[in-house]
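Since the structure of chain A is provided, determine the placement of chain B on it from the hints.
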Amino acid sequence: MATSAVSKTLQGASGQWKRYLAQLLITVWTHRYLYLMLVLPFIFFIIFRFYPMVGNIIAFKKYQLMHGIWGSPWVGLKHFRSLFDDPAFLRVLRNTLSIAALKLLVTFPAPIVLALFINEIRHMVYKRFVQTIVYVPHFLSWVIYGAILYIMLSPANGLINNVIASLGMEKIAFFQKPILFQPIVIISSLLKETGWAAIIYLATISTIDLTLYEAAIIDGANRWQLMRYVTLPGLAMTIVTLFILQIGFFLNVGFEQIFILQNSMVLTTGDVIETFIYRVGIRQARFDFTTAAGLFNGLVGMVLVLMADRLAKRMDLPGIF
Amino acid sequence: MSEQRTFTRRQALKLMGVGTLGTYLAACASPAAPAATTDGSGDAEMPAGEKKTISISHIGGGSLEASEKSQRMQLLRANFPDIEIENRWVSYGGYLDKIPVQIASGDLADLQFCNAFNDIPLMMENEIIIETGPLLEEYGQNIVAVTPAKAWDSTIYDGKQYAVTHNIYDLNIWCSQYRGDWLDKLGLGVPETIDEYGEVLRAFSNSDPDGNGKKDTWGRLLYNSVRFDDDFFHAFGVAVGHHLNGFWRERDGQLALDWVQPGMKDALAWMSDVWADGGFHPDSISIPLGQKDNAFHASFAGNVYTSWNSIDFAQDKIRTVDPDAVIVAGPAPAGPGGRGYTGEGWPWCFVIPITAQWPEDCVRIIDWFFTPDIAAQIMCEGVLGVTNKGLNENGWCVEYTPEEKAAMGDEWANKQNEVQDISVFWGLWLTIGTLGGVQPFPTFPPDMKKHFEDMLAAKYSENALAAKDLSQEYLLLTEKARPVAAEKEFWPGLQTRFGEFISQAVAGAIDLDQGWSEWLDFFEKNGGPLITEQVNQI
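Heads up: the protein sequence lines correspond to chains A and B, in order. Numbered by the working numbering, the letters in the first sequence go through residues 1 to 321 in order. Numbered by the working numbering, the letters in the second sequence go through residues 1 to 538 in order.
By construction, these hints were calculated from the structure, which means they are not laboratory data. Beta carbons are placed, not taken as given, at the ideal position from N, Cα and C, and that holds for glycine. Check before you lean on any hint, since a few could be wrong.
[What the hints assert, rightly or not] With a straight-line cut-off of 25 Å between C-alpha atoms, the simulated DSS-like cross-links for lysine-lysine are: (1) LYS265/B <-> LYS177/A; (2) LYS215/B <-> LYS171/A; (3) LYS214/B <-> LYS171/A; (4) LYS177/A <-> LYS292/B.
[Claimed, not checked] Stretch by stretch, here's where chain B covers chain A in the computed footprint (C-beta under 8 Å, at least three residues): (5) 56-67; (6) 154-164; (7) 253-267; (8) 273-287.
The shape of chain A in the complex, shown without the other chains (with noise of 0.2 Å):
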């Protein structure tokens, strides 16, 4: 009897499958032009994100050339434990989540209020030139952008220090006081990347349907009003989607950036998980101890995307899956 019951159980779940093979069939044919088009992007991924996933086994292995990745041997979390005993790690992992978490707070909403105050400027040309000039810093490469900063702000004869002498004050060396490492990564990002960043939001401002706004002026609505009953819940979709994207990234603080604009007098507040894994990791050839420390940062972004994202659900927000 119970037999028959789990055969019929078997039986009605093959028949689904089935079914939603044939379904699932009919659909790709439906749609084959565009599955077609996915077919290169998936193989890019394939060969380029998702194969080089597999050497994240190195992590729980003592990875020897010789051996290879399958065959070295298993060394369970021994490199997660080494992580988390090195006081370097520590503090590496403190000055990332400090540099994330004021990243997020800062450069992600300003690319928001940037578009919005673009989008109020009325006289075209003054628009452009705006946009051109904020636009600009973010085709600078890092290292272009870092040197700019060693200029402006050297204690000797930098721009920054001259004013601040000529104001009487002392001059300050800004890259040797670990106090002001993080407050400026977060302002030269803001400086580079805000302009560039504002242009999704400024294309889908420029997709809001204008009927909206001439409804909200025809009911007494004022230009501070349609930014924030038209303007803003027009963006809400893209922010919402950024935010989570962005958050997925959230220990990504930007190895370029950081690296150019450290030294070894602000590591106290400027050595990050990227840093630290190219030191020991390429430098000193360390690959499955730093492998560790690169997939602790993979889950933590994984993480984040998912609680975000039933997060956006929750206030009934589109999230990403």
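Just chain B now, kept in the frame of chain A:
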């Protein structure tokens, strides 16, 4: 009317999930194929009519294209017609990152360039290089004849040798250089002692040596992390070691790291005093390493510690902003712990990985460079016949003298532009010592040797040659022969922590006494004693 069917996100995610899982399982099911290996016996046989292929990895300036076009590479290929030389150039700026990745991925050339101190331990740990002693005995007589015995120290493990060649001249090329004209204006002499040296730095910063009425000059710009400023550390009997590599000396019959000796604290206290008095350029430590000589070249700093052979170049450069500038070299300042300049020793070498099919030919190729007749053709700087004079009647290369270059004017600039990629390329030939200037081999016949000695003498100013003598006179090398196993795990942490500590101590950002005890405590708890024990077991 047919119903429009849509492909839902749920279906797409499932499809992606199935695809990803399938790929992952496929990858798991196919273990990496073991690399083809050889036991180093050289038994591989070549099919008739086919060429052997030997890849050579080497570093240098310029580009792969430039190294392909160079006369040296053409000469090499012409001399070994039965061998296909695969040129694997690595940029000088990228080798520190590239080589560990090459090692980890197994993508090693048959003749692999590496840094003996950093890379050989890693290769030994992975058992991927072959012993070279017997091969050198049989095929590398020219190499052996010109290489000092001490150069091999960093490549000997358990009494066996694991490198096929080395840079044959130690990189002891650093010395302290001063603005002689500033010293004259201030009525100061070239400092002999650490106290005099401190006074010179303070005077350069505070006594307006350029006479423009502005406070825009400084004593010296300290390099990034204070890791290349060993000249005044040695006055206290300690050194940091170039690249924060450490400096070991024998103390009470045991090798001990200078970083934890009391002299280190004294040196930091002395530097901190000079810093407080404004003797160091305020951009010190925080400025990127690539700009280390800029303050000197721009006539802002009056002292620099760098390679002796850059002295003429520096003087020309400074004279573009101050026509009266004169650069003079000085001795290492003497202090309570002695005096000295740190030499880099013999870091660079070629090794042969187990994947090399023709190890004997690898040695033959390198040995060929060391035969006097060939070395005499390729050891000059510049491109044959363009930025050097080409070969003389004996077949030995000849460089232009500084006077001849100056007389050529624009023509010289045009020649340099024409071959700029090639002229800065010295990669594979680094081991024969062109970095420190053309230096004749001890195996050269007397007339050939005299030719290159005369050329070297004509190439540099008297000041530069005096600087060369000073850099040799005060040479000090670390006494640790090679890296030890414990360094892999502990050295990065110690290096970072020490660099951080000394930078903060010099700039007065921390209390020296407290910082010093914290550093000693860190050293004790993070592998310092284990490394010391292993170093003494070598």
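Checklist entry - Taking only the CA atoms, is the gap from LYS215/B to LYS171/A under or equal to 25 Å? => result Distance of about 14 Å is within 25 Å: holds.
Checklist entry - Residue count check for the stretch 56-67 of chain A against chain B: does it reach three with CB-CB under 8 Å? => result Our answer is that it holds, as 4 residues pass the Cβ test (under 8 Å) against chain B, meeting three.
Next on the checklist: Check whether the Cα positions of LYS214/B and LYS171/A lie no farther apart than 25 Å.
Outcome noted: holds, 16 Å
Item to check | Proximity test - 8 Å, beta-carbon atoms, the stretch 273-287 of chain A to chain B, at least three hits | outcome: n = 8 at 8 Å, threshold three: holds.
Next on the checklist: Taking 8 Å as the Cβ threshold, is the statement that the stretch 253-267 of chain A is covered by chain B upheld or broken by the three-residue rule?
Outcome noted: holds (count 6)
Next on the checklist: Verify this for me: three or more residues of the stretch 154-164 of chain A with a beta carbon less than 8 Å from a beta carbon of chain B.
Outcome noted: holds (count 4)
Next on the checklist: Given the hinted pair LYS177/A and LYS292/B, is their Cα-Cα distance within 25 Å?
Outcome noted: Cα-Cα ~20 Å, so holds.
Item to check | Restraint status (C-alpha distance of LYS265/B to LYS177/A at most 25 Å) | outcome: holds, 22 Å
When held up to the earlier numbered hints, the structure conflicts with none and fits them all.
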